[in-house]
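S.K.: Each position in the sequence shown, counted from 1, maps to that position plus 16 in this note's numbering.
Note that these hints are calculated values from the structure, not bench results.
A few of these clues could be false.
FRET-style restraints, in silico, Cβ to Cβ [said to hold, decoys possible]: (1) Asp105 / Glu45: 17 to 23 Å; (2) Ala86 / Ala46: 18 to 24 Å; (3) Ala77 / Gly100: 34 to 40 Å; (4) Ile18 / Gly98: 23 to 29 Å; (5) Tyr57 / Ala77: 24 to 30 Å.
Yeah, the Cβ is synthetic: ideal placement off N, Cα and C, and Gly gets one too.
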Amino acid sequence: DITSQTKVNVSFAGVGDADDATLVSVNTEAGAATGVGIGIYDNANKLVEMNTGKSTTTLAAGQTVLYYTANYVATKDTVTTGYGNAEVDFNLSYE
17 DITSQTKVNV SFAGVGDADD ATLVSVNTEA GAATGVGIGI YDNANKLVEM NTGKSTTTLA
77 AGQTVLYYTA NYVATKDTVT TGYGNAEVDF NLSYE
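Between the sequences and the hints, there should be enough to build the whole structure, so can you do that?
M.R.: This is the structure we're talking about:
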């Protein structure tokens with residue numbers, strides 16, 4: 017009911033990258049890429065920092081769609097190819 021709560025905060029929780037904790041760590045499985053993390057960005061292309069950041073969206077009557085993208089980000093000068101898998105939980109809180 018948007019008459020009592022007009023905004024939704026979205027945050028992301030997961031293992032932060034060892035070289036840049038604002039990014040998600042790529043899993044360290046055999047064959048995984050190294051020297052990269054994963055950044056999660058809101059619809060304004062602003063990084064939502066892992067475990068500490070949040071993105072706030074004003075709720076609309078009816079349906080509100082939340083848009084996010086994920087991109088690989090180099091965290092070291094040398095990047096090796098490989099799998100770039102990760103797990104992230106998202107949390108919604110209303111105000």
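S.K.: With reference to the structure, classify each hint as holding or not holding.
M.R.: Verification of the hints:
no.: 1; hint: Asp105 / Glu45: 17 to 23 Å; in the structure: 19 Å, holds
no.: 2; hint: Ala86 / Ala46: 18 to 24 Å; in the structure: 22 Å, holds
no.: 3; hint: Ala77 / Gly100: 34 to 40 Å; in the structure: 38 Å, holds
no.: 4; hint: Ile18 / Gly98: 23 to 29 Å; in the structure: 44 Å, violated
no.: 5; hint: Tyr57 / Ala77: 24 to 30 Å; in the structure: 26 Å, holds
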